[in-house]
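2 protein chains.
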Amino acid sequence: MPYFDAASAAPLHPVARQALLASLDEGWADPARLYREGRRARLLLDAAREAAAEAVGCRPDELVFTPSGTRAVHAGVSGALAGRRRVGNRLVVSAVEHSSVLHAGEVHTAAGGTVTEVPVDRSGAVDPAVFAAALDSGTALACLQSANHEVGTRQPVAEVAEACRAAGVPLLVDAAQSLAWGPVEDGWSLLAASAHKWGGPAGVGLLAVRKGVRFAPQGPSDERESGRAPGFENLPAIVAAAASLRAVRAEAATEGARLRDLVDRIRARVPELVPDVEVVGDPVRRLPHLVTFSCLYVDGETLLHELDREGFSVSSGSSCTSSTLTPSHVLRAMGVLSEGNVRVSLPTGTTAEDVDHFLDVLPGVVAGVRERLGAPAAPPAAPPADSGSLVVDALGRRCPIPVIELAKVIGDVPVGGTVTVLADDAAARLDIPAWCEMRGQEYVGEEASAVGGTAYVVRRRT
Amino acid sequence: MPYFDAASAAPLHPVARQALLASLDEGWADPARLYREGRRARLLLDAAREAAAEAVGCRPDELVFTPSGTRAVHAGVSGALAGRRRVGNRLVVSAVEHSSVLHAGEVHTAAGGTVTEVPVDRSGAVDPAVFAAALDSGTALACLQSANHEVGTRQPVAEVAEACRAAGVPLLVDAAQSLAWGPVEDGWSLLAASAHKWGGPAGVGLLAVRKGVRFAPQGPSDERESGRAPGFENLPAIVAAAASLRAVRAEAATEGARLRDLVDRIRARVPELVPDVEVVGDPVRRLPHLVTFSCLYVDGETLLHELDREGFSVSSGSSCTSSTLTPSHVLRAMGVLSEGNVRVSLPTGTTAEDVDHFLDVLPGVVAGVRERLGAPAAPPAAPPADSGSLVVDALGRRCPIPVIELAKVIGDVPVGGTVTVLADDAAARLDIPAWCEMRGQEYVGEEASAVGGTAYVVRRRT
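These protein sequence lines map, in sequence, to chains A and B. For the first sequence, numbering that gives the first Met the number 0 begins at 0 and goes up steadily by one. For the second sequence, numbering that gives the first Met the number 0 begins at 0 and goes up steadily by one.
Because the hints were derived from the structure by calculation, they are not lab data. In this text, all values refer to a predicted model and were calculated from it rather than measured experimentally. There may be inaccurate statements among the hints.
Unchecked claim - Okay, the calculated bits of chain A under chain B, using three or more residues with CB under 8 Å as the criterion:
1) 33-44
2) 68-77
3) 220-226
4) 230-236
5) 291-305
Backbone N, C-alpha and C fix where the C-beta goes; we use that ideal spot for every residue, glycine too.
Construct the entire structure; sequences and hints are all you get.
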């Protein structure tokens, strides 16, 4: 049963399991105590810190363990902002950061700070020059992920780090998705990551803060983890996390190349096998194991459900799969289609057979969902005589229905005529322009609608 | 090799180990995902929450899992204070709370709030009437531990809860030390606890917030754990924590009675076997497994080291065993001797033989430490003719030397004469009065010293 959602959580690496079991016996005591069980725990903790620091590329005393990658980001952002409070209160982040960065930004905004989001291109990458331009003398901290968690695009970390250095702004790199594959390019000031993304156990994140970076931990602290992560250390899990990081790094080159080939196969074959698909994310500068595509006229939740029935576990950034019924902020920032969105992230050890089986199953699953939704099967027929413009009322209908209704009637207006779609589903704002781009139609823009929702105007070109 | 520091951390309960192993296979996926691995994880998480809530005595939707007991306290205190910000900014705590509560109080103070510490008696318990008197119309939150972590004294939680109810103030109970032995008496509004204190794994705390309590989570949050504990859930550890809580509760009555007898044996025998010992904490209203005593004229660090050499792992509240070189705030608040302090906390399964062996070894170890420190062996001899007063210079000498020097010369002044001890060690302020009480001498008070440190004045009575 292929599990294709390694970017959410990876099954425990065998090395992690072994290390966890051993340290349940050896590492349960308080490493702050002076008796033998405590000293043994301290030795394990020190060794884990050294191993993790080596993999990160920092000094052991620059690295602390946190209860999760999310908490590492929260502690890193708040500590760095507070450490540079006198410099200014601006936080600069890319628009496609992990939600943990954005949530930390919301808290900063609520406390009177400002957050500047640097836009990304259609591949999901920031432009280093645009990022640099966002840095000003009042910028306390900049955040950039090493690679995007939804579409796999690697960010130009070295260039942005250089811009930050030139501007005198510390850079926090969220390396959660990439640390398994290698160290982050040099130049960062703070780095956060999460063990369960690299086959370590849940309950362990890491936060590295370079010596010399102004850092003032926020919230209550205690004597543990240099005052940066309070509470009893989760030692067996920390030991397992460090051991598995070392293990996945040893396999990273060969396994990365193998998975990269499998992802290339998905990237090439899906558009051949499934009509009306957009594969998103940078095809080259990307994580080896992750690919995302979106299928027109498909309801993401149903698609995931059908794939699950066929034995495939994947995730989605479609609005219907989120609790807020809004599309993924990453897809939104990229301006790409969000309906029928599928993220495939291959865990270590995924076989070519698993991938081929997925490619065998996917076309039928997508076709089945489209058929049930009444999606248009073919491009519009020859235009009728006239009927210059049409209005489609999709108010109250959820993704992908507004786009399906648009596609059904575009053939009913002449070239040059317009279709106006009334919709109140959040995904429409993203998906109607994306549909136009995929279909070679002109997206005119949106207007207020007298009857509620928003009026999206499309002009027929072909 | 007897491990007698269960109050710091308990070895993993066999049931916890079994549950952890099973859920490493079944519970590694993201419980927020819709595919089968995610649904399986969600089922495990729900079941763990139900089991924990039953043991706590609350509804499952009132309970969230946190990364540690410390983090549960921090989240509980900050959320409850923020939820009642409009009522006032006073936090009322007992003087003997766990450091996590005090650290949360420090953050509150730094943010402009006020913290009122309710004193305790010599047994370590608060007086409910005194606690009630500290509650005023501007009190946002009160905190009281269910039982003290250093001396085992149970607090009058029900009476204090009733006083809080009458004053309209929510009560947070830190139940970290007692939850293994049974639910907390009713009447609390918030409750925090820590799994590794009951034989669960590290990395799991729990926070219960009663419905109707105003609560505003502080810091960044996400969709996990009702927005009260951000970050990927540490699911295998949560499952193990819930399973072991259920297991220790099933054994609590019989095991509690057995350990209570063993602790009674220590409480009775130590003062018989070791001269100049003070057993502290309430002898009756106490945790079943924990006892603390202090030995005059003994250096705590050396004592722990010697006991460790004999195979016994215990902890201490002596100043020399703390990184700040100040005695435990608990012993200080109780006004009891802190030098030569030993806390014995018996894990489940401790045998009578282990305890008897400890009682066999302890007298020789204490005598050895005293001999090396030159402690006075016997009460003062008959007073000499006169020499009305004496000054002892113990400046720069650490605990227990100032007390030893005092004891050496008290026989050199006549009854009614005084000894003035010059000392700059923080423990002297606690231990010189405690010595006077143990020895039936009069503690006159402290004075500023012209040559540095503090002058502690003692009048000979016997």
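A quick look at each hint next to the structure:
1. 33-44: This one holds; 5 residues, not fewer than the three required, reach chain B with a Cβ under 8 Å.
2. 68-77: The restraint on the segment 68-77 of chain A holds, since 5 of its residues have a Cβ under 8 Å from chain B and three suffice.
3. 220-226: It holds, with 3 qualifying residues against the three required.
4. 230-236: It holds: at least three residues are needed, and the segment 230-236 of chain A offers 7 whose Cβ sits within less than 8 Å of chain B.
5. 291-305: Contact hint for the segment 291-305 of chain A vs chain B: holds, 3 residues under 8 Å.
Consistency with the previously given hints is maintained throughout, with no hint failing.
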